[in-house]
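K.L.:
Listed in order, the protein sequences are those of chains A and B. With our numbering, the residue at position 100 of the first sequence is 100, and numbering never jumps. Numbers in our numbering are just positions in the second sequence, counted from 1, shifted up by 214.
It is possible that some hints are incorrect.
Heads up, simulated SDA-like pairs for lysine to any residue below, C-alpha to C-alpha not over 20 Å straight-line [to be verified]:
| hint | chain 1 | residue 1 | chain 2 | residue 2 |
| --- | --- | --- | --- | --- |
| 1 | B | K406 | A | E79 |
| 2 | B | K364 | A | E13 |
| 3 | B | K247 | A | M117 |
| 4 | B | K359 | A | E49 |
| 5 | B | K406 | A | E10 |
| 6 | B | K359 | A | E79 |
| 7 | B | K292 | A | V46 |
| 8 | B | K313 | B | G377 |
| 9 | B | K406 | A | E74 |
| 10 | B | K240 | A | I76 |
| 11 | B | K247 | A | E79 |
| 12 | B | K247 | B | R309 |
| 13 | B | K236 | B | G291 |
| 14 | B | K359 | A | Q47 |
| 15 | B | K240 | A | T50 |
| 16 | A | K189 | A | R199 |
| 17 | B | K247 | A | L64 |
| 18 | B | K298 | A | K189 |
| 19 | B | K406 | A | Q47 |
| 20 | B | K406 | A | E44 |
| 21 | B | K247 | A | K189 |
Honestly, the hints are just simulated from the structure, not real lab data.
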Amino acid sequence: MTTNDTERQEVLELLPWYANQTLDQEETERVRRYLDAHPELEPELVQTETILGASQGSASVPMLSHDRMNRLMERIDDEAPPRPSWFERCRAWLSDFTGEAGTPSWAAGAAAAALVMAIVLVLPTPNPGPGEYGVLSNQDSWMQELVLEFSSATNAADRAQLLQTLALPFKQDSATVYRLSVTDDMSPKAVSALLERVRSDPRVTQANIALRQD
Amino acid sequence: MESATLSSHRRLDPDATAEGDKELLKQVARQDKRAFETLYRRYYQRISHFVHRFIRNDQLAEEVVDDTLFAVWRSAGKFRGQSKVSTWMMGIAYRRAMKTLDRERKHLQTVADEQLLADQADSDRGRDPEAQAQADTTGRFLALKLQDLKPEQRAALQLTALGHSYPEIAEIMDCPTNTVKTRVFQARNRLKAHFDAVEPAPGGNHP
Numbered sequence: 001m002t003t004n005d006t007e008r009q010e011v012l013e014l015l016p017w018y019a020n021q022t023l024d025q026e027e028t029e030r031v032r033r034y035l036d037a038h039p040e041l042e043p044e045l046v047q048t049e050t051i052l053g054a055s056q057g058s059a060s061v062p063m064l065s066h067d068r069m070n071r072l073m074e075r076i077d078d079e080a081p082p083r084p085s086w087f088e089r090c091r092a093w094l095s096d097f098t099g100e101a102g103t104p105s106w107a108a109g110a111a112a113a114a115l116v117m118a119i120v121l122v123l124p125t126p127n128p129g130p131g132e133y134g135v136l137s138n139q140d141s142w143m144q145e146l147v148l149e150f151s152s153a154t155n156a157a158d159r160a161q162l163l164q165t166l167a168l169p170f171k172q173d174s175a176t177v178y179r180l181s182v183t184d185d186m187s188p189k190a191v192s193a194l195l196e197r198v199r200s201d202p203r204v205t206q207a208n209i210a211l212r213q214d
Numbered sequence: 215m216e217s218a219t220l221s222s223h224r225r226l227d228p229d230a231t232a233e234g235d236k237e238l239l240k241q242v243a244r245q246d247k248r249a250f251e252t253l254y255r256r257y258y259q260r261i262s263h264f265v266h267r268f269i270r271n272d273q274l275a276e277e278v279v280d281d282t283l284f285a286v287w288r289s290a291g292k293f294r295g296q297s298k299v300s301t302w303m304m305g306i307a308y309r310r311a312m313k314t315l316d317r318e319r320k321h322l323q324t325v326a327d328e329q330l331l332a333d334q335a336d337s338d339r340g341r342d343p344e345a346q347a348q349a350d351t352t353g354r355f356l357a358l359k360l361q362d363l364k365p366e367q368r369a370a371l372q373l374t375a376l377g378h379s380y381p382e383i384a385e386i387m388d389c390p391t392n393t394v395k396t397r398v399f400q401a402r403n404r405l406k407a408h409f410d411a412v413e414p415a416p417g418g419n420h421p
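Extracted from the complex, chain A is given alone in its bound form (with noise of 0.2 Å):
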């Protein structure tokens, strides 16, 4: 297809909306413009016009009436309301414990995320069972430790603010190498995402968990 053969086929497809006047600007100028320099596609325009004419068609149709429309609210009526969802049911609460009608989505999803945080707060945590760490069957004589060497090129103070970030209970075996009580209270998962980020710090060269007796 040439140049010229896409452009006549692209103005033929956009003859109808032309007729119906729905085009944008710039295409209703291309439009115009290319009929302009083709006088013999003005039958096509007629033709569309014609179409769109019978398309639209010039039967009846019912008109609006009172009845019609008092049918569709009885219907509406009869239908039982849609259940809140649980959002909408807590801005309800929330409006009614304040008082104000009308509470705004803001306000209504910070009561919903506090009272969530609360709950979350409030109950207790619950205990991992002894099984889950495992493998000694003696599990309460042994104890957790994170064991961490420092690099040489470290001084006492970046290893002090190491130490201070971990937030654990340690004691020094060498100028280099330091022993963290993990508490029995961290989860499998915590304790192995606080190797991974020990082991990621420059400062270390090598930490590692070990077990001790109690």
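Following the hints, position chain B against chain A.
P.N.:
Frame of chain A; chain B shown alone:
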């Protein structure tokens, strides 16, 4: 049955602004029945006209129109505001009409032809006999041939005739704009072949 002929108009109701409609729909989402009644009055005729032309069975068309407006009431809260309210409503009408067509296809074909002929006879009373004869032939012929089009082609053509732009039709029919253009182009070509058989050559008398 009360009836009226929808005079040809190429644009949406000028009293309905896009922002005004969105505000109305928000109120409808809050179960405001007065807002719904306003929306109903504003768009009943347009929806009814499209559905009646598309389905060609008055009883089924009425059901589809009622179901569409009922769906507008129930789904008002789901409107995302990315299109005009009118486009969204027409989209609901189109989908419901298509479902009804699929369900009733065989039954509708026979009834549609009979109803078309009856409608044309009703509307043409009182016109100049010669013009009436010409219009009878062309209009009836074209209207009958519209039923031969694929539903999607017919819908696209009818929505164009109702004054929708092609991007709006793409939203209503949930298809790309190029698909809309192709459907209307193909519909026109099919009708043109029949039209040329009935009408005089270009430059002659047109109805």
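K.L.:
Now look at each hint and say whether the structure bears it out.
P.N.:
Going down the list of hints, with the structure as the test:
no.	hint	result
1	B:K406 with A:E79	violated, 48 Å
2	B:K364 with A:E13	holds, 18 Å
3	B:K247 with A:M117	violated, 39 Å
4	B:K359 with A:E49	holds, 16 Å
5	B:K406 with A:E10	holds, 18 Å
6	B:K359 with A:E79	violated, 41 Å
7	B:K292 with A:V46	violated, 42 Å
8	B:K313 with B:G377	violated, 23 Å
9	B:K406 with A:E74	violated, 46 Å
10	B:K240 with A:I76	holds, 17 Å
11	B:K247 with A:E79	holds, 13 Å
12	B:K247 with B:R309	violated, 24 Å
13	B:K236 with B:G291	holds, 11 Å
14	B:K359 with A:Q47	holds, 15 Å
15	B:K240 with A:T50	violated, 39 Å
16	A:K189 with A:R199	holds, 15 Å
17	B:K247 with A:L64	holds, 17 Å
18	B:K298 with A:K189	violated, 51 Å
19	B:K406 with A:Q47	holds, 8 Å
20	B:K406 with A:E44	holds, 9 Å
21	B:K247 with A:K189	violated, 55 Å
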